[in-house]
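K.L.:
Kindly produce the complete structure, drawing on both the sequences and the hints.
Chains as they are written, first to last, in our numbering: chain A, 63 to 603; chain B, 4 to 342; chain C, 48 to 468.
Source of the hints: derived by calculation from the structure; they are not laboratory data. What you were told as hints is all true, and nothing was included just to trick you.
Computed list of lysine to aspartate or glutamate pairs in EDC-like fashion (alpha-carbon distance at most 16 Å, straight line):
1. A:Lys187 to A:Glu252
2. B:Lys121 to C:Asp248
3. A:Lys295 to A:Asp407
4. C:Lys321 to C:Glu408
5. A:Lys295 to A:Glu382
6. A:Lys567 to B:Glu36
7. C:Lys412 to C:Asp322
8. B:Lys119 to C:Glu239
9. A:Lys489 to A:Asp479
10. B:Lys121 to C:Asp247
11. A:Lys295 to A:Asp409
12. B:Lys198 to B:Asp137
13. B:Lys119 to C:Asp245
14. A:Lys388 to A:Glu398
15. A:Lys284 to A:Asp420
16. A:Lys388 to A:Glu404
17. B:Lys121 to C:Asp245
18. A:Lys174 to A:Glu534
Below, a sample of chain A positions facing chain B; criterion: calculated Cβ distance under 10 Å:
19. Ala78
20. Asp577
21. Lys589
Here a beta-carbon is modelled for each residue, glycine too, at the ideal position from N, C-alpha and C.
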Amino acid sequence: MDTPFAITLGVGTSRANHTGSWRVERPVYVDRLPPCNNACPAGENIQGWLFEAESGNYEAAWRILVHDNPMPAIMGRVCFHPCETACNRVQVDEAVGINAVERFLGDLAIEKGWQLPEPGRDTGKRILVVGAGPAGLSATYHLRLLGHQVRLVDSADRLGGMMRYGIPAYRLPRATLDAEIDRIVALGVEVVLNHVVHDIEEERRAGNFDAVFLAVGAQLGKRVNIPAGDSSKVIDAVTFLHQVAHDDPPLLGRRVVVYGGGDTAFDAARTARRLGATDAVIVYRRNRERMGASGEEVEQALGEGVSVRWLSTVNRFDAERIVLEKMRLNEDGFPEPTGEFEELDADALVLALGQDTDLSLLDHARDVTVHDGAVSVASSMMAGASGIFAGGDAVPAERTATVAVGHGKRGAHGIDDFVMGREPTEKQRHELATFDRLNTWYYADAPRTKRPELERIRRQTNFEEVIGGLSEENALFEARRCLSCGNCFECDNCFGVCPDNAVIKLGAGERYEFDYDFCKGCGICVKECPCGAIEMVPERI
Amino acid sequence: MTRQPVHFYQVGSFAVGNRLLSADDRTVQSLRERTNSIDSGHRACQGCGEALGARYALDAAMRATNDRVVAVNATGCLEVFSTPYPETSWRIPWLHSLFGNAPAVATGVAAALRVKGKSDVRVVAQAGDGGTVDIGFGALSGMFERNDDVLFICYDNEGYMNTGVQRSAATPPAARTATTDAVGPEPGNVFGTGKDLPRIAMAHDIPYVATATVADLHDLERKVERAMELHGARYLHVLVPCPLGWGTASNDTIHVARLAKESGLFPVFEAENGTLTSVSTIRRRVPVEQYLLLQRRYGHLFGKNPRPDIVARIQAMADENIARYGLVDESTESTEVNA
Amino acid sequence: MLRQIEGSKAIAETVALCRPEVVCAYPISPQTHIIEAVGAMVKSGRLAQCEFINVESEFAAMSVAIGASATGARAYTATASQGLLFMLEAVFNASGLGLPIVMTLANRAIGAPINIWNDHSDAMAVRDAGWIQLFAETNQEAADLHVQAFRLAEELSVPVMVCMDGFILTHAVEGVDMLDQETVDAFLPPYEPRQVLDVDDPVSIGAMVGPEAFEEVRYLAYLRQRDALERIPEIAREFTQLTGRESGGLIRSYRTDDAEIIVVALGSVLGTIKDAVDIRRDAGERIGVVGITAFRPFPSEAVRAALAQARQVVVLEKSFSTGFGGVLSTDVAMSMRDLDFDLRTVIAGLGGRAITRRSLEDMLKRANDDELEPLTFLDLDHDAVERERERMRKVRRSGPSAENLLRDRAAFSSLPRGGGA
Ligand SMILES: Cc1ncc(C[n+]2csc(CCOP(=O)(O)OP(=O)(O)O)c2C)c(N)n1
Ligand code: SF4
Ligand SMILES: [Mg+2]
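P.N.:
See the structure below:
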């Protein structure tokens with residue numbers, strides 16, 4: 063069109079006006095550390111695999127998962143999921159059921175026969191892993207990925223450690239356990255069972271190992287001196303659960319008292335119920351708030367008919383009768399005896415007062431420090447300059463399978479640095495994606511999907527798995543509850559809300575870019591980003 | 004009454020886009036190939052709600068018509084910031100005539116298209132609240148009454164912004180503007196009877212009347228789409244916060260629009276042929292304070308000499324809206340999810 | 048075909064022959080018959096391919112025309128007086144945007160006091176609005192000018208106002224040689240807009256233009272009006288070739304060849320003036336007449352040439368600039384710069400006051416005797432004015448003059464209709 067001068071203008075002409083020069087602050091895309099990832103003892107990229115799961119890309123999700131943790135089906139059952147406690151969604155409605163989705167992915171992988179990644183190229187380095195519990199297995203897996211040869215030794219006749227001998231089958235079906243362990247072993251691992259290592263230095267020398275990862279666990283049930291009649295049946299929980307796992311359950315009678323307040327106590331009580339005890343009573347010296355066991359475990363136990371005597375200690379065990387002393391909490395929250403006593407009928411007393419380690423194999427290790435029954439380690443899990451690393455329950459940390467898995471991974475990388483002669487590198491952590499960074503308006507309100515629970519009555523009598531898995535539909539739904547804290551999930555908000563069209567959408571999976579020629583720095587994109595993945599920074603002039 | 008189902012896809016259907024939404028459920032604004040009817044380089048203030056609202060509405064109209072839209076624009080910020088010689092931001096055919104005649108000019112455009120047999124080309128007229136509820140009111144009513152085939156969009160920023168933030172008939176009570184200073188016993192704008200143009204439009208029994216805000220894009224786009232399905236006079240009233248005139252932070256534009264709706268001060272609804280057909284219920288109700296506190300134009304109601312009495316009157320207005328339109332719907336509180 | 052027809056009807060039918068595509072109308076006397084007739088033709092289907100829109104105001108009428116024209120439709124409207132003022136903002140806008148709208152202005156006085164009768168105050172109020180303004184002397188010319196107006200407007204992208212005296216022409220039934228469709232089609236090609244709202248070639252029309260280009264925009268508009276000065280006579284000539292009729296052009300001279308005194312005027316009053324001149328000629332006075340058809344653009348050169356040899360120029364106007372005097376006179380004076388002549392302004396016919404041949408004869412005689420004041424109000428009732436002035440001197444708040452005068456008129460109806468001066 064031959065348009066009239068000045069009053070009529072052609073398309074696209076305003077692009078000559080670079081409004082970016084108005085800006086005093088500029089938006090930049092950032093990745094922040096989601097609180098779940100931050101809380102995961104195994105160092106999982108939870109938000110990362112949920113992102114794939116949300117899209118229904120389950121295998122991709124699982125691959126991100128096993129990048130850090132080779133046993134999602136197991137962890138999806140036994141992990142106490144600190145990630146969910148940390149989850150920002152708690153402040154919207156309820157935490158995302160991360161654990162349930164993890165289990166869904168783990169189970170699906172087993173069902174579909176997905177295989178772990180190929181081992182890395184052979185480095186020629188030989189590593190000895192002592193103990194085939196979660197820490198040892200995790201270390202083995204990561205060492206194989208790094209290309210190192212691994213000998214995995216364990217004193218038991220099967221792999222799994224506490225996962226097999228401590229965790230009852232109703233919480234962790236053996237088929238699942240075996241499947242995930244087998245998958246690790248299939249990466250090419252020299253497995254030596256029924257082998258007790260007495261002297262680590264000796265063992266290392268004999269096998270010509272470049273480094274050692276010690277994951278011997280804490281297998282000795284703590285005993286306290288409780289006056290008991292000869293006929294009174296007293297057993298520690300570790301031994302009790304071990305024998306049950308070995309299909310050789312001890313006869314405890316109908317009335318079983320478990321002394322202690324940790325998860326093991328509850329495992330023991332629930333196991334006793336399944337073995338036929340009509341009364342399974344937990345005695346604990348503090349109140350419920352101060353108990354170590356996870357809330358979920360307590361709920362389930364109570365649901366199964368386990369009862370608890372709070373603020374009580376076991377004073378003595380006369381035949382068929384336990385005398386309890388009542389306690390009260392002082393101002394500092396410590397239990398103090400009251401001098402009041404009660405009696406409780408009992409056929410057996412199970413002591414679940416914690417576990418000790420057996421570290422005699424380190425007696426001859428030169429530069430390894432053992433303190434309070436635990437091996438002192440650096441952040442690389444290195445216990446001694448000579449190449450001894452340790453993890454799991456044998457080192458000072460929370461004693462959970464997931465923590466152990468994390469130790470295994472960290473230890474493997476520490477060993478890798480060590481044997482390859484590298485300086486250990488500290489990974490740079492992103493700033494935490496705290497709740498106040500989110501714009502929760504955009505998240506639809508949705509209740510958490512409940513894992514179907516087996517009917518209470520069934521679970522009282524057998525060792526079938528108590529908690530069922532999620533259906534695919536539910537898993538998808540649950541994954542989609544993730545807020546993707548601190549990480550762009552391509553919701554197009556920034557692209558849409560910019561009044562200056564200064565956000566360029568790069569296409570699926572490619573995220574966005576700012577067009578600083580036109581961005582005026584109004585900051586709406588930052589404010590309206592649901593997940594807090596944009597930040598304003600001052601413009602440098 | 005119809006209600007938009009909220010899809011539960013992580014960000015549900017609240018965010019602009021979502022890789023998980025089906026193509027049909029995606030907003031025009033989420034598309035890389037959207038028109039950007041109003042291009043970069045325009046001179047709107049940082050965070051201008053009007054610039055945003057105009058792009059939302061016109062891009063949606065473009066999609067609804069296969070890119071066959073002609074726009075008529077009244078004088079006002081939108082016109083001034085988009086077409087200072089020698090630069091225009093419009094990527095669509097666009098005509099600016101005067102401040103008070105956009106509805107009539109649009110009538111002329113529609114008439115010309117009809118007589119030329121270009122029935123596929125549709126007309127959108129747009130103006131600020133001043134150009135709509137004040138100076139363009141007569142022309143608008145005439146266009147409504149004749150039921151001309153025009154979608155008229157009012158970008159309501161509650162004042163004459165282009166001339167430096169003076170009061171219009173759409174300026175809410177107590178708000179400070181350059182002509183309603185925050186002084187005296189009744190600071191800010193008077194508590195008049197109001198001039199509720201959407202309801203006045205409904206009284207014309209025109210095919211379609213709707214309100215929307217820049218805070219709910221899905222709703223806005225759906226309404227534009229619905230409007231374009233219909234013929235005859237249609238009216239869309241969009242609340243577009245103005246950082247300059249309201250004294251809000253430039254990044255609060257969408258946030259404050261959301262609070263206008265969630266407080267009940269700005270009812271969001273639609274009507275066909277004079278009858279209310281749907282309302283957007285409040286999702287997270289807030290007291291009006293939360294909305295007012297973000298805006299310096301209400302600063303005199305708080306601070307050293309607070310005026311809780313005036314805030315209470317404003318709250319009463321919100322409550323009246325809530326009652327009139329049924330904006331709080333208990334039954335939706337738990338049924339929002341639609342996985 | 049010659050028909051005895053009311054002026055308004057003749058205009059309506061001629062406009063219809065121009066195939067307007069959008070006609071918008073808001074009633075005001077004395078324009079009503081025009082738009083009523085166009086409306087009826089559209090409604091009956093006689094005028095097909097046309098949208099007739101009953102708008103809610105003149106402001107809307109011109110705005111609808113703007114929208115239609117910018118969309119490529121031939122747009123027409125008509126108004127008068129108050130209506131023109133009511134649409135004033137849009138009148139300027141149409142020309143600023145270069146939209147070739149054609150509008151009939153049925154000239155009428157502007158209130159207050161409200162008055163529906165003819166004078167030229169309305170046209171003069173918008174002389175700087177950027178429109179081409181053509182004045183018709185007869186209904187025949189008024190009809191013919193509309194056809195030329197569309198042609199001119201669309202060629203130049205400038206709106207054209209055809210001015211015709213309200214009632215005197217609009218409501219007069221006289222013989223008009225009506226054009227036929229074939230002739231009009233041959234003369235007036237379809238509208239090819241210079242700029243148009245087109246979804247396949249989008250542009251922004253109506254940008255905000257600042258100091259850096261505004262003066263150029265205005266200067267270009269000036270040049271376009273200069274172009275019109277050339278095109279108006281050419282188009283008129285073409286029209287004559289096609290119809291054998293002389294209509295339009297810039298100015299028309301009558302008996303000026305040897306004239307010492309030349310009367311200049313606009314519109315239908317020219318007929319009466321010519322009659323008076325004929326009579327004065329018979330008395331031996333060398334008087335001629337120049338009628339101006341194109342008031343905007345003002346044909347300065349043609350006027351200067353036509354008046355060059357005159358000793359005295361009498362500009363007879365149906366409007367005046369209250370604080371100054373003649374409006375047309377100013378333009379004539381400007382055109383005659385540096386020439387030695389006397390200029391006399393005669394204000395006549397305001398608010399529909401009849402301009403009689405007798406009064407004109409008197410006036411011309413005095414002009415010939417060099418007795419004409421520089422500013423003369425024809426047939427002014429000096430006594431009535433004096434009485435009102437007196438009243439105002441005595442009583443500060445003496446009430447509205449119009450009412451007072453009317454009361455006086457009733458009381459002194461026997462008074463002689465005042466003479467010249
Ligand atoms: C007839 C007329 N009166 C006044 C103005 C001055 N004017 C231009 S824009 C404007 C205010 C526009 O207000 P609104 O329509 O609400 O649009 P906003 O700028 O707030 O978006 C005014 C008063 C004008 N251009 N024309
Ligand atoms: S004054 Fe308000 S409406 Fe105008 S450009 Fe600025 S923010 Fe937008
Ligand atoms: Mg406004």
